[in-house]
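Number of protein chains: 2
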Amino acid sequence: MNNNDEKLEQLRHSCAHLLAAAVLELYPDAKRTIGPSIENGFYYDFDFGDIKVSDDDLIRIEQKMREVVKSWKGFEREEISVDEARKRFVDNPYKLELIEEFSKDGQTLSIYKSGDFSDLCRGGHSDNPQKDLIAFKLLSLAGAYWRGNEKNKMLTRIYGTAFETKKELDEYLAKQEEAKKRDHRKLGRELDLFVFSDLVGKGLPMFTPRGTILRELLNDYSQKLRLQKGFQRVWTPHITKNDLYKVSGHWDKFGDELFLVKSQESTDQMVMKPMNCPHHQQIYAGRPHSYKELPIKYMETTTDYRDEKAGELNGLSRVRSVTQDDSHTFCTPEQIEDVYSEMIGIVKTFYETVHMPLKARLSFRDPSHPEKYLGEPELWDKAQSILLEIAKKHELDYYMVEGEAAFYGPKIDFMGIDAIGRQWQVATPQLDFVQPERFGLKYTDADGTEKTPVMIHFALMGSIERFLSVYIEHTAGVFPVWLAPVQVTVIPIADRHAEYAEKVAEELRLENVRVEVDSRSESMQSKIRLAQTQKVPYMLVVGDKEIEAQSVAVRTRSGENGGEQSVSEFKDLIINEIKEKK
Amino acid sequence: MNNNDEKLEQLRHSCAHLLAAAVLELYPDAKRTIGPSIENGFYYDFDFGDIKVSDDDLIRIEQKMREVVKSWKGFEREEISVDEARKRFVDNPYKLELIEEFSKDGQTLSIYKSGDFSDLCRGGHSDNPQKDLIAFKLLSLAGAYWRGNEKNKMLTRIYGTAFETKKELDEYLAKQEEAKKRDHRKLGRELDLFVFSDLVGKGLPMFTPRGTILRELLNDYSQKLRLQKGFQRVWTPHITKNDLYKVSGHWDKFGDELFLVKSQESTDQMVMKPMNCPHHQQIYAGRPHSYKELPIKYMETTTDYRDEKAGELNGLSRVRSVTQDDSHTFCTPEQIEDVYSEMIGIVKTFYETVHMPLKARLSFRDPSHPEKYLGEPELWDKAQSILLEIAKKHELDYYMVEGEAAFYGPKIDFMGIDAIGRQWQVATPQLDFVQPERFGLKYTDADGTEKTPVMIHFALMGSIERFLSVYIEHTAGVFPVWLAPVQVTVIPIADRHAEYAEKVAEELRLENVRVEVDSRSESMQSKIRLAQTQKVPYMLVVGDKEIEAQSVAVRTRSGENGGEQSVSEFKDLIINEIKEKK
Numbered sequence: 001m002n003n004n005d006e007k008l009e010q011l012r013h014s015c016a017h018l019l020a021a022a023v024l025e026l027y028p029d030a031k032r033t034i035g036p037s038i039e040n041g042f043y044y045d046f047d048f049g050d051i052k053v054s055d056d057d058l059i060r061i062e063q064k065m066r067e068v069v070k071s072w073k074g075f076e077r078e079e080i081s082v083d084e085a086r087k088r089f090v091d092n093p094y095k096l097e098l099i100e101e102f103s104k105d106g107q108t109l110s111i112y113k114s115g116d117f118s119d120l121c122r123g124g125h126s127d128n129p130q131k132d133l134i135a136f137k138l139l140s141l142a143g144a145y146w147r148g149n150e151k152n153k154m155l156t157r158i159y160g161t162a163f164e165t166k167k168e169l170d171e172y173l174a175k176q177e178e179a180k181k182r183d184h185r186k187l188g189r190e191l192d193l194f195v196f197s198d199l200v201g202k203g204l205p206m207f208t209p210r211g212t213i214l215r216e217l218l219n220d221y222s223q224k225l226r227l228q229k230g231f232q233r234v235w236t237p238h239i240t241k242n243d244l245y246k247v248s249g250h251w252d253k254f255g256d257e258l259f260l261v262k263s264q265e266s267t268d269q270m271v272m273k274p275m276n277c278p279h280h281q282q283i284y285a286g287r288p289h290s291y292k293e294l295p296i297k298y299m300e301t302t303t304d305y306r307d308e309k310a311g312e313l314n315g316l317s318r319v320r321s322v323t324q325d326d327s328h329t330f331c332t333p334e335q336i337e338d339v340y341s342e343m344i345g346i347v348k349t350f351y352e353t354v355h356m357p358l359k360a361r362l363s364f365r366d367p368s369h370p371e372k373y374l375g376e377p378e379l380w381d382k383a384q385s386i387l388l389e390i391a392k393k394h395e396l397d398y399y400m401v402e403g404e405a406a407f408y409g410p411k412i413d414f415m416g417i418d419a420i421g422r423q424w425q426v427a428t429p430q431l432d433f434v435q436p437e438r439f440g441l442k443y444t445d446a447d448g449t450e451k452t453p454v455m456i457h458f459a460l461m462g463s464i465e466r467f468l469s470v471y472i473e474h475t476a477g478v479f480p481v482w483l484a485p486v487q488v489t490v491i492p493i494a495d496r497h498a499e500y501a502e503k504v505a506e507e508l509r510l511e512n513v514r515v516e517v518d519s520r521s522e523s524m525q526s527k528i529r530l531a532q533t534q535k536v537p538y539m540l541v542v543g544d545k546e547i548e549a550q551s552v553a554v555r556t557r558s559g560e561n562g563g564e565q566s567v568s569e570f571k572d573l574i575i576n577e578i579k580e581k582k
Numbered sequence: 001m002n003n004n005d006e007k008l009e010q011l012r013h014s015c016a017h018l019l020a021a022a023v024l025e026l027y028p029d030a031k032r033t034i035g036p037s038i039e040n041g042f043y044y045d046f047d048f049g050d051i052k053v054s055d056d057d058l059i060r061i062e063q064k065m066r067e068v069v070k071s072w073k074g075f076e077r078e079e080i081s082v083d084e085a086r087k088r089f090v091d092n093p094y095k096l097e098l099i100e101e102f103s104k105d106g107q108t109l110s111i112y113k114s115g116d117f118s119d120l121c122r123g124g125h126s127d128n129p130q131k132d133l134i135a136f137k138l139l140s141l142a143g144a145y146w147r148g149n150e151k152n153k154m155l156t157r158i159y160g161t162a163f164e165t166k167k168e169l170d171e172y173l174a175k176q177e178e179a180k181k182r183d184h185r186k187l188g189r190e191l192d193l194f195v196f197s198d199l200v201g202k203g204l205p206m207f208t209p210r211g212t213i214l215r216e217l218l219n220d221y222s223q224k225l226r227l228q229k230g231f232q233r234v235w236t237p238h239i240t241k242n243d244l245y246k247v248s249g250h251w252d253k254f255g256d257e258l259f260l261v262k263s264q265e266s267t268d269q270m271v272m273k274p275m276n277c278p279h280h281q282q283i284y285a286g287r288p289h290s291y292k293e294l295p296i297k298y299m300e301t302t303t304d305y306r307d308e309k310a311g312e313l314n315g316l317s318r319v320r321s322v323t324q325d326d327s328h329t330f331c332t333p334e335q336i337e338d339v340y341s342e343m344i345g346i347v348k349t350f351y352e353t354v355h356m357p358l359k360a361r362l363s364f365r366d367p368s369h370p371e372k373y374l375g376e377p378e379l380w381d382k383a384q385s386i387l388l389e390i391a392k393k394h395e396l397d398y399y400m401v402e403g404e405a406a407f408y409g410p411k412i413d414f415m416g417i418d419a420i421g422r423q424w425q426v427a428t429p430q431l432d433f434v435q436p437e438r439f440g441l442k443y444t445d446a447d448g449t450e451k452t453p454v455m456i457h458f459a460l461m462g463s464i465e466r467f468l469s470v471y472i473e474h475t476a477g478v479f480p481v482w483l484a485p486v487q488v489t490v491i492p493i494a495d496r497h498a499e500y501a502e503k504v505a506e507e508l509r510l511e512n513v514r515v516e517v518d519s520r521s522e523s524m525q526s527k528i529r530l531a532q533t534q535k536v537p538y539m540l541v542v543g544d545k546e547i548e549a550q551s552v553a554v555r556t557r558s559g560e561n562g563g564e565q566s567v568s569e570f571k572d573l574i575i576n577e578i579k580e581k582k
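First to last, the protein sequences are chains E and L.
The first sequence lines up with residues 1 to 582 when you count with the numbering used here.
The second sequence lines up with residues 1 to 582 when you count with the numbering used here.
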């Protein structure tokens, strides 16, 4: 963290204090809990009791913050005993819980006071709040369980942001406004891509026909790029005995993040798979292999399940059902460079097609914490140097981060940059020297000896749900023609043009174009508007003139007029666009 | 059950007694448990203690049976008190457990004695065992948990069969021999189609690249036939809150057959989905629908999980991970006949393609047990008469069975007949008047009123795993060209022909033909043998002559010599066969 970041963090943390002070003035019975700075801002969680606080109240609270800050000349630190802390926060069970915890660690308790407001806090504030806390804004309200645990009480979280200057704040808010318009949850509803159901549960999206087209086309493309390179599909179940993860090493590391599966008929201890590598290794282990067969490339798009906290679930960004376009390649150590390079080529092709520039994060182990990783340090060093070489050779826009490796090996995490400049982790080819050893995988080498293959984990999109959340916002729902769930809407001007409209649609459908006919008794303009709202790439308006000429009047979703075209002209145009993935 | 069936059952049950008598003579310390007649034979479960009994011992036991039966003139019934029963079976904890249970029901305990052997039994035996018990044979040994519960001790089950005449027995054994050769578990290993792993668990097959090709091609075809009729793919997760099944009505009926999913992060009561209809209805419920949109046809191939007893799991026939090529159609009552008829057409096409004749079982409700079904009897009658009409119209080879309906509606269960005459339940379009009501599904009718749609469940293969077990045995692994995981093996006669072999392979691969080149340093004959064992449809042998002529020497897996063909001639031949699904 550089000085600027630290300064901003102090500013935001100070704003959290200010927010709590303003809330307590307006709602004397509210109980404050905790209020940290976060990426892009800060929040504070309150227990408002029976009082309902709404978005409208945020304006009032923000005004109060501006009033209160006038008297804030600085933050004064005071050290107090645990007993004293208990006395001061006697009315606040949340703070009392924290005090008990801090006192167990033998920590000194500190209080920071500014103006008439003081709070239990470890420090890190702005020097001159009166002067520094100018460019802030309260953004939103959300429910948040106390300590993130849904067994606890639901609190009210108030989010805000703050910057050093008004200009930076305005820029940030403008970008947020743009992001809001692109919010994939909103677009998902408007474009009828996916739904949630209270009966099914949180974090478990269901995809409508339109959303399914999108996820399947992207997955087909992801798999096609790999089929061309000799990847072969396999299939594995979604559950397993936990013994599988005891051998792989995942159980110790992630056992408490798994969904446990209880059989009423058997004593097997089972879990839902949170990843696919151990299953794929069991297929590899199913028969002996010769070096001549390597590399063996197994590919499977399948859904993993992760027991995410309810409070952290968010649209498609964070779900419990995580579909991976996964693959695992088994190769000799000598083949690593070629196989890995091939994967980098595939990543580049895929992300060029979806128009997302990439940065590459070389995620290496933290050499000061060798206990976090399995496998010999020499193997790690060798693997990391191979990845670095590959990054250079492919002229990737890369940077290195120590401590971001998986426990079984280093990886290149690709970060996709979206249309409004945000970075998202996407593809991640990961070397693995550890698991094949633990599962006792073997191949017979040219000299007849048995050796252990190296494994390379490789997903192109990673989680398809998460990728879709990124991609929907990246495109703002204006999907390219090849991905648009509906590619063409044919619009008959009057009822008597409906038959011709159907004929045009049928001709396009024969070429696998996804066409709908809007034969409702509405005006042409209103039909065009609906298709534009649905972001359908092409509208073909047909009336007397078009029937006469066996043509269509082409309109685009952006409002452009494509003029009159013969049906076969338009057909060639769109078939070509689909083929070229435009 | 007709008289013949009853007579056969008595014969087989008598054989089970005889088996127990022979075992106790040879193994006086063995504890007998239970021995019923079953379809095609009988079994008896024994606790042999520390003694290992193997297949070789079956011959000895069978000989002893033939000796013992000579003294069996009949079965004498004796009624005894519970106390007396306890005394007679004092050394046998299994029988004692049964005695306790029977005595609770207030039953009279009966003993049947023949020769020196007597057993606790409810009766139903052959009149003249000396004369009747002639055509029997012991078949196999298997492990079986006491009372089918894997928490209990593992016993040794001895299977046998018996018929009235030697001729019938021989015919049955010949058919069994044929079935054994076709055993999908054996072929699955030999053809490298799927594997099981102790670490993953019982009933959870994993499909290798070859097996995955098979399941995906069959599924692609199943989906293609429906895409052509306007079915649209959707996607749903594999888990849900159990609330979903409380609303659907499944929870009360099947709650104890489900895998329970325990979250460590949330208090949701979750389960793995054992079927997909409630999920699909949640997608339907996600937005309002007009009558103009109906029928709406959702299709999803997805894996359901069923908590089957470990003892009942068997290869792919009975698994815990059940992949359904499922679909759910929502329509108006007036559309039922058309929609259902369309499905029958799809079923006929599919099963003609895989060369399985069909019988149709009209599975209706049992009118004497209305409490087993949800929904109004009038609706049932109407639905059943529609199905009967459709069966007649389509000239199906049908029969009616009362009591085989699902709890939510009647259905037509199609039975596929395999190459050795066995019948297997396959496709099952099911009417459902109940669930849409329970989920409150609606559509707006032409008159503006809200109505409840009818739902039709429709899977073509049903469980893909189970279908594969049937299909592998039906074809004996000799898959038609379009489905063969490897369609062509190119065989270079000597090393110098390897390059040309690769060229031929590449030319075929460009047309998506699945080709392998066998470039091992083995003789041509041994390469041909391997390809035949692997049941590869075509072997293309290439040597000097073929290079000269730019041709291939074609051999088939059945040993036929297809003569010399130009590469393009062969290419046209195989592309056509694939296209025609031959």
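Hints in this document: simulated from the structure, not taken from any laboratory.
Do not rely on the hints blindly, as some may be mistaken.
Said to hold, decoys possible - Keeping only pairs whose Cα atoms sit at most 30 Å apart, straight-line, the calculated BS3-like set for lysine-lysine is:
id, chain 1, residue 1, chain 2, residue 2
1, L, K535, E, K442
2, L, K224, E, K581
3, L, K52, E, K527
4, E, K202, L, K262
5, L, K153, L, K224
6, E, K503, L, K229
So, going through the hints one by one against the coordinates:
{"no.": "1", "hint": "L/K535 / E/K442", "verdict": "holds (27 Å)"}
{"no.": "2", "hint": "L/K224 / E/K581", "verdict": "holds (23 Å)"}
{"no.": "3", "hint": "L/K52 / E/K527", "verdict": "violated (79 Å)"}
{"no.": "4", "hint": "E/K202 / L/K262", "verdict": "holds (14 Å)"}
{"no.": "5", "hint": "L/K153 / L/K224", "verdict": "violated (48 Å)"}
{"no.": "6", "hint": "E/K503 / L/K229", "verdict": "holds (17 Å)"}
Of the hints listed earlier, those the structure fails to meet are numbers 3, 5, in rising order.
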